[in-house]
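2 protein chains.
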Amino acid sequence: MTIKLGLLGFGTVASGIPFLLEENGDKITAAAKDQIEISKVLVKDEEEKTRLLAAGNDYHFVTDIDDIISDSEIDIVIELMGRIEPAKTFITKALKAGKHVVSANKDLIASHGKELISLAQDKGVAFYYEAAVAGGIPILRTMANSLTSDKVTRILGVLNGTSNFMLTKMVDEGWSYEDALVTAQKLGYAESDPTNDVEGIDAAYKAVILSQFGFGMTIGLEDVTHKGISTISTADVAVAQQLGYVIKLVGAIEETPSGLFAEVSPSFVPKTHPLASVNGVMNAVFVESIGIGQSMYYGPGAGQKPTATSVVADIVRIARHLNDKTIGKPFNEFSREIKLSDLSDVKSRYYFSIETPDKKGQLLQLAEIFSSEDISFEQVLQQKAQGERASVVIITHEMSKTALANVTAKLSEVAEFKVLNTFKVLGE
Amino acid sequence: MTIKLGLLGFGTVASGIPFLLEENGDKITAAAKDQIEISKVLVKDEEEKTRLLAAGNDYHFVTDIDDIISDSEIDIVIELMGRIEPAKTFITKALKAGKHVVSANKDLIASHGKELISLAQDKGVAFYYEAAVAGGIPILRTMANSLTSDKVTRILGVLNGTSNFMLTKMVDEGWSYEDALVTAQKLGYAESDPTNDVEGIDAAYKAVILSQFGFGMTIGLEDVTHKGISTISTADVAVAQQLGYVIKLVGAIEETPSGLFAEVSPSFVPKTHPLASVNGVMNAVFVESIGIGQSMYYGPGAGQKPTATSVVADIVRIARHLNDKTIGKPFNEFSREIKLSDLSDVKSRYYFSIETPDKKGQLLQLAEIFSSEDISFEQVLQQKAQGERASVVIITHEMSKTALANVTAKLSEVAEFKVLNTFKVLGE
Ligand SMILES: NC(=O)c1ccc[n+]([C@@H]2O[C@H](COP(=O)([O-])OP(=O)(O)OC[C@H]3O[C@@H](n4cnc5c(N)ncnc54)[C@H](OP(=O)(O)O)[C@@H]3O)[C@@H](O)[C@H]2O)c1
Ligand SMILES: NC(=O)c1ccc[n+]([C@@H]2O[C@H](COP(=O)([O-])OP(=O)(O)OC[C@H]3O[C@@H](n4cnc5c(N)ncnc54)[C@H](OP(=O)(O)O)[C@@H]3O)[C@@H](O)[C@H]2O)c1
Numbered sequence: 001m002t003i004k005l006g007l008l009g010f011g012t013v014a015s016g017i018p019f020l021l022e023e024n025g026d027k028i029t030a031a032a033k034d035q036i037e038i039s040k041v042l043v044k045d046e047e048e049k050t051r052l053l054a055a056g057n058d059y060h061f062v063t064d065i066d067d068i069i070s071d072s073e074i075d076i077v078i079e080l081m082g083r084i085e086p087a088k089t090f091i092t093k094a095l096k097a098g099k100h101v102v103s104a105n106k107d108l109i110a111s112h113g114k115e116l117i118s119l120a121q122d123k124g125v126a127f128y129y130e131a132a133v134a135g136g137i138p139i140l141r142t143m144a145n146s147l148t149s150d151k152v153t154r155i156l157g158v159l160n161g162t163s164n165f166m167l168t169k170m171v172d173e174g175w176s177y178e179d180a181l182v183t184a185q186k187l188g189y190a191e192s193d194p195t196n197d198v199e200g201i202d203a204a205y206k207a208v209i210l211s212q213f214g215f216g217m218t219i220g221l222e223d224v225t226h227k228g229i230s231t232i233s234t235a236d237v238a239v240a241q242q243l244g245y246v247i248k249l250v251g252a253i254e255e256t257p258s259g260l261f262a263e264v265s266p267s268f269v270p271k272t273h274p275l276a277s278v279n280g281v282m283n284a285v286f287v288e289s290i291g292i293g294q295s296m297y298y299g300p301g302a303g304q305k306p307t308a309t310s311v312v313a314d315i316v317r318i319a320r321h322l323n324d325k326t327i328g329k330p331f332n333e334f335s336r337e338i339k340l341s342d343l344s345d346v347k348s349r350y351y352f353s354i355e356t357p358d359k360k361g362q363l364l365q366l367a368e369i370f371s372s373e374d375i376s377f378e379q380v381l382q383q384k385a386q387g388e389r390a391s392v393v394i395i396t397h398e399m400s401k402t403a404l405a406n407v408t409a410k411l412s413e414v415a416e417f418k419v420l421n422t423f424k425v426l427g428e
Numbered sequence: 001m002t003i004k005l006g007l008l009g010f011g012t013v014a015s016g017i018p019f020l021l022e023e024n025g026d027k028i029t030a031a032a033k034d035q036i037e038i039s040k041v042l043v044k045d046e047e048e049k050t051r052l053l054a055a056g057n058d059y060h061f062v063t064d065i066d067d068i069i070s071d072s073e074i075d076i077v078i079e080l081m082g083r084i085e086p087a088k089t090f091i092t093k094a095l096k097a098g099k100h101v102v103s104a105n106k107d108l109i110a111s112h113g114k115e116l117i118s119l120a121q122d123k124g125v126a127f128y129y130e131a132a133v134a135g136g137i138p139i140l141r142t143m144a145n146s147l148t149s150d151k152v153t154r155i156l157g158v159l160n161g162t163s164n165f166m167l168t169k170m171v172d173e174g175w176s177y178e179d180a181l182v183t184a185q186k187l188g189y190a191e192s193d194p195t196n197d198v199e200g201i202d203a204a205y206k207a208v209i210l211s212q213f214g215f216g217m218t219i220g221l222e223d224v225t226h227k228g229i230s231t232i233s234t235a236d237v238a239v240a241q242q243l244g245y246v247i248k249l250v251g252a253i254e255e256t257p258s259g260l261f262a263e264v265s266p267s268f269v270p271k272t273h274p275l276a277s278v279n280g281v282m283n284a285v286f287v288e289s290i291g292i293g294q295s296m297y298y299g300p301g302a303g304q305k306p307t308a309t310s311v312v313a314d315i316v317r318i319a320r321h322l323n324d325k326t327i328g329k330p331f332n333e334f335s336r337e338i339k340l341s342d343l344s345d346v347k348s349r350y351y352f353s354i355e356t357p358d359k360k361g362q363l364l365q366l367a368e369i370f371s372s373e374d375i376s377f378e379q380v381l382q383q384k385a386q387g388e389r390a391s392v393v394i395i396t397h398e399m400s401k402t403a404l405a406n407v408t409a410k411l412s413e414v415a416e417f418k419v420l421n422t423f424k425v426l427g428e
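From first to last, the protein sequence lines are chains A and B. Those letters in the first sequence? Residues 1 to 428, per UniProt numbering, in order. Those letters in the second sequence? Residues 1 to 428, per UniProt numbering, in order.
It should be emphasised that the hints constitute simulated quantities derived from the structure, not laboratory data. Possibly wrong hints are sitting among the right ones.
One copy or two, either will do: identical chains are not told apart, so a pair holds if it fits within one copy or between any two.
Unchecked claim - Quick list of in silico lysine-lysine cross-link-like pairs, DSS-like style, CA-CA up to 25 Å:
# : residue 1 : residue 2
1 : K93       : K424
2 : K114      : K27
3 : K123      : K33
4 : K96       : K40
5 : K339      : K384
6 : K27       : K151
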């Protein structure tokens, strides 16, 4: 038997699939126990079809989704169009028609995954999406198959290649945020509207999916606090360096005694921490658990071939399950009731960069404000800033999110103090 | 139904299993779709049994393997005794009796895995051993399930925690090999006879197993060249630092145009390479492939809980396959004919540390010898050594193993030259 694929979209990732099927055909066929073949490819319109054919792409291109849905020979539909619609409608149609679906669409899965997953289950078909988190890193299947025996307590991830590329330039070369963004755009790493990448939204999508696999909780995007990298200044980067840290945009998901907490935020990462050496467009998922302790999964978070590799791995699993007649198991079976953490249980050290008037007694006043919220200092740096202003950098001892909100409110009441930035500080 | 386990041995790793079954019972049961229970535990003798019972271990201890083999209620036998015999005989008995087997015994699997694997296949039972390579890192199942779509071209692994702990101390603290060994022994990381760890034999076992999963070739231990860390001097470490490298004991398996080559050797790793920050007893497997490109899997290579976590992950997969009625698939299905590489195809840069007389013309003579084998220099450092001797450090451009053997032979013919050390130099 030959397993036939229907591709939806033939952009960056989709056009990487033929490369793997050709270059690695023997291994793929042996693992799947069947030949895998691209049967039809959905493109937007006749113009695109003509263009692709002219460019030498020898596929059966169609412009109507129903040509794929109604084709009973097509076993697996591969959605690689991106965006919510029409991807959602097309996937829904495919699942309803009893077809297995592979997707890399993190936006869609983070926001509407639940209904698609339950539709797939009702229909007894597979819905896999390894490529949706950290592109080429096989993290989801590893969590679903290997970390079953372990209890995950925290996941820390460098989950967005664009922002990590920019931060790497800001740390290693002292570039400003603006310079880094322009270069990222020139290199094609950042889109003309970079909001999703630099504001932590893309990483938040991935945090939603990681929460399912790591903690069994299908939280919503609105449950993931996110803060981007655009406010990071060269001064913040320099102070971090001086104190032995690098700044990374970290997606953090942890389980506290009261429940789950997920956020994406720029974080001070100790230089000795494995995540500190994840540079450029690379991604990594660092897992803390009661059994293994600490493990990390590192690789390219995007790119044609890495992402297509994850997509094809999903296809091979489905093909193999078809052969074994065990198809229909959910990609992730770990499921628990959602319980979100009290903010008072979410604890971390924090970095504060505060501008104060350059006169006596400022540090005392700051110390009093922090102390009133039971926050103590681990490190303090005081420097003269411009003109009549001084800059105070504080690394606190561990404190809760509640204390953070309270102290931030109190600081904002003092007209003379200006909190420039507040970032999380990770431990070793 | 309850899945019943028979444990062979109740040492470090085995006694970590109850911890996971208790602390993570809900998740494990949900993933396995059945309760998992330790039914019987084989110990050496009555004395051990009495000791363990007195220490509060409430298990059904037996001293005769046949009590487990003949117990038709026991589904899975977990071998955690170590060494070749009687482990091999016991596993063989268990497989013959139609029981599934989980083991962490790298020595046994690297040297006799082939026959045990084929026996398991004949009997239609599972034989899993995730814990045998890099303890807590779920690398084998990830290769078998996720890297199926990818073609691996090279694996580089920091595979031995003991030697990596020692090298980390030698690099970070400037300790000598001897000091590092004494401390490793004090901390229980190294055995009183540390040969297997420091001479690269333990890492070679793991390289054998990684060759199966990464390249589909079941090579023998004799096919893995190995060289240990005992000859590394503080001078080597210092020069490496100076040139931007750290020294690691690296297991390298690569496929050249003519076939597979595997070796374990101290290697200069560029400080910017992800393997360079794998420190202390941590392990990592760095994979180069045509699809993902570069990925790395990092975690503890040993220890009670990490290793038990991998063992229990195997148990959960078997239990689940029993439930799904798909039991009996080999752990690794990737299999190709063994073809070993010509040494002339195996290429790398090399570090040479050579002691020469402290007089004119030595470097020229060295350059002539290297040049006669078509080897050129990337970097040269010449320093005065003790007395009448000088020390020359050379980093070559890429050269083959054949050239290495030839130039080493030629150097040994010059009585005045003394090659102190030759190490591989990895690229970025
Ligand atoms: N690129 C990566 O490295 C990466 C990594 C991880 C995950 N992903 C995910 O993978 C998916 C695909 O990404 P990509 O980078 O391959 O995107 P892409 O290059 O933009 O490809 C998407 C393709 O789908 C086509 N398309 C859009 N709407 C369509 C429709 N209604 N019918 C037919 N074709 C349609 C697009 O055509 P037009 O160009 O004409 O709109 C485009 O050719 C996205 O969900 C993305 O988030 C990508
Ligand atoms: N420890 C790790 O971190 C780690 C990591 C990866 C893989 N592994 C592998 O896991 C396996 C177990 O390692 P371990 O560290 O747990 O070793 P261990 O602490 O020495 O435990 C082995 C146990 O088996 C017992 N035993 C030996 N022969 C026996 C026999 N014939 N019948 C019954 N019991 C017998 C030993 O008893 P005696 O002490 O009386 O001999 C000992 O209690 C080994 O194959 C090892 O290579 C270990």
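Hints versus structure:
1. Taking the closest pair of Cα atoms, K93 and K424 never come within 25 Å of each other, the shortest separation being 43 Å inside a single copy and 55 Å across copies.
2. Taking the closest pair of Cα atoms, K114 and K27 come within 25 Å of each other only across two copies (20 Å); inside a single copy the shortest separation is 33 Å, beyond that limit.
3. In this assembly of identical chains, the alpha carbons of K123 and K33 lie at most 25 Å apart whether taken from the same copy (24 Å) or from different copies (21 Å).
4. Taking the shortest alpha-carbon separations for K96 and K40, only the intra-copy value of 19 Å comes in at or below 25 Å, while the best inter-copy value is 48 Å.
5. For the homomeric pair K339 and K384, neither the shortest alpha-carbon distance inside one copy (46 Å) nor that between copies (67 Å) is at most 25 Å.
6. For the identical chains of this complex, K27 and K151 are inter-copy neighbours only, at 8 Å across copies versus 33 Å inside a copy, given an alpha-carbon limit of 25 Å.
Going through the hint list in order, the structure does not satisfy hints 1 and 5.
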